[in-house]
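Visitor: Sequence:
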Amino acid sequence: MSILLGIDTGGTYTDAVLLDDECGVISAAKALTTKHDLSVGIQNAVQMALPHPLPDIQLVSLSSTLATNAIVEGKGSPICLLLIGYDPGIVAKTGLERLVASERIVFIQGGHTVTGEEQ
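The numbering of the sequence shown is the UniProt record's numbering, which starts it at 1 and goes up by one.
Treat the hints with care, as some may be off.
Unchecked claim - Distance windows between CB atoms, simulated:
(1) Tyr-13 x Gln-58: 35 to 43 Å
(2) Thr-65 x Ser-27: 17 to 25 Å
(3) His-36 x His-112: 15 to 23 Å
(4) Cys-80 x His-36: 22 to 30 Å
(5) Ser-39 x Asn-69: 29 to 37 Å
For the record, the hints were derived by calculation from the structure and aren't laboratory data.
Glycine included, each C-beta is placed from N, C-alpha and C at the ideal position.
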């Protein structure tokens, strides 16, 4: 049995879920996202989902849509996109040039396979 903690910070809410890889969801919680300090919303959600410390958490996964939302909405500072191991054709295929200026897209050779081997 492995215990997993997943956290997703969105524009309005931060969600936390505690999973047992054999039994499914153990607990879940939702807290307001605190954009001025993301750690506050994350801490609140985790504390609600995990009221007592568990020493055997095998994985913690954190995701956020805040950066994606800022790019799509055209908010925030100019960005640079680093694409490691991607073919330049991905820019045209995905429409990234509409969101990120081409001079701010950098392609870097390398990367890893799904099994963690270097490419």
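Visitor: Mind listing which of the numbered hints don't hold for this structure, in increasing order?
Guide: Per hint list: 1, 3, 5 violated.
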